[in-house]
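Each chain is listed here by its residues.
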Amino acid sequence: MNDEHDHDHDHDHEHEHEHDHDHDHDGGAGRRMPRRDPRAPRGRVLDAHLHLLDRQVLDREGVPVTTVDDLELDGIEPGARIEPGSPPPTLTAILTGPQLLTRLFGGHAPAARRIAIPWKLVSAVGTTVRLGVDADSLDASWVERWVSRHLIGRIPGGRHDPE
Amino acid sequence: MKNLFAVALGVLTAIGGFVDIGDLVTNAVVGSRFGLGLAWVVLVGVVGICIYAQMSGRVAAVSGRATFEIIRERLGPRAGLANLAASFLINLLTVTAEVGGVALALQLATSVDPGWWIPVAAFGVWIVIWRARFELLENVTGLLGLTLIVFAVALFMLSPDWGELAGQALQPGPPADEPVATYWFYAVALFGAAMTPYEVFFFSSGAIEEKWTEKDLAKSRLNVLVGFPLGGLLSIAIAGCAAVVLLPAAIDVTSLSQVVLPVAEAGGKIALSFVIVGILAATFGAALETTLSSGYTLAQYFGWSWGKFRKPAKAARFHLSMIVCLLIAVAILATGVDPILVTEYSVVFSAVALPLTYLPILIIANDREYMGDRVNGRGMNFVGQVYLVIILAAALAAIPLLIITGAGA
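Just so you know, the sequences run in chain order A and B.
Numbering follows my numbering, with no gaps: position 107 of the first sequence is 107.
Just remember that my numbering sits 1000 ahead of the position in the second sequence, which is counted from 1.
Misleading hints may appear alongside valid ones.
[Stated by the list, open to error] Just so you have them, the derived chain B footprint on chain A, three or more residues with Cβ under 8 Å:
| id | stretch |
| --- | --- |
| 1 | 51 to 64 |
| 2 | 99 to 108 |
| 3 | 132 to 144 |
| 4 | 150 to 156 |
Read the hints as simulated data drawn from the structure, not as lab findings.
Just so it is clear, CB atoms sit at the ideal spot from N, CA and C, and this is done for glycine as well.
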């Protein structure tokens, strides 16, 4: 999956996408979920802690972008009581960068310093989180681009394939 | 025919790649003090590294995920970071030891002070990582490292008393004139030298670099199961040479020239030149592997783009971190610290850090989300857990033994 030149990847992720909706999360071949609780959400159930946090995020070409350092939820106030019957919160973004520090040491990162990858860019969730866009189009990869442009790319041979 | 060649190449590379500066120094030191009395530790270590490498290779090939991605996923950011810090620092110590080893080997060849060779060695390591393909660097250093077989040849040429050597090997236990703690200290050091964590970062990340799939697993199993034990035999031959020449003369090993002394005595200049090429290749290869491992561990924890199969500009932070690591290694060596001493500490601390990476791999090798039906079988889990106990015991004993024995003095 790490192959940048994987010609099959489009097909591959289409397939993964279907797979997400059709089957239960242990990936049993073609096995349908047993009868659901009618209140339960449709589709695959992900545990944010287990299946999303700290997973590798790959771009459309399979290039690593970042790790899921934190998640942004909408419709929920930290610390506030959740009234029964209130609508469920929605996952709006994958957070990265300074967000790792707040998970390591606690506290809040100022909203302006947050680096977010909107959740709508996510195309598939497996053992990695796949995005439907190129890494270079994201704010989340600015450090990589900066180091590449100003340091590594300037060293002779830095833009060539290894021989 | 082509397949046979590929298999042979893999096995030969594994033999040559098994020995690094840690094995060279520790085996010679141990041989000069205990004869073959600690050869059993090499056997235990070789079986351990076979299990560990095989398991991490299988996890990488089946799940496509490398060691530190998995460690972070499983342990979360905090415990993952503590693990990264410990593994990374010990790996950095090993990078320093290997670069120092390359400089010492060049000193043996040229008699020029190693201080001059240190920057040359580090630059050489960097330029190869920067420009050479993964397979090329692995095969060339592995094959040249095979010349270390001269240690085994030398052992025969010294025509030792085989009965006495076998006696040492078959009756393990501290000799009368050495404290028990020292014996066990060197046992842990030798275990750490055989089962160094970088071998696994390198092996599992290398599996992804070379785009292994499940089909490649049989080949990898053969490389590991044949190559590493033969590499272990080389280790024992190094200890055997020291046991025959250095032990009776009561020579303490404090430099590489003492490590190669028995070979020179047995085979003269020709043997000596072979052994120098072998040490140079082995330390240079290990310097490449450890430097890459430092980049692999950081990139995998933070989710950066990594890999030698990409252009450096497409894995910029990965390459930058390796450059910084090499500069730090040069800076440490520039203080004039003895690379042999750095090596001795690096193998002991390797034993300390080993459970940190071994346990997550063992857990993932049993996780069906990653492994599907290729999870560990019962036999593998049994052996894996026996080794978990051994590895934990060695890790817990290492630092107390280091303090009690004054680093084996």
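Hint by hint, here is what the structure shows:
no.: 1; hint: 51 to 64; result: holds (count 7)
no.: 2; hint: 99 to 108; result: holds (count 3)
no.: 3; hint: 132 to 144; result: holds (count 3)
no.: 4; hint: 150 to 156; result: holds (count 4)
Figure legend: structure checked against the earlier numbered hints; every hint is met.
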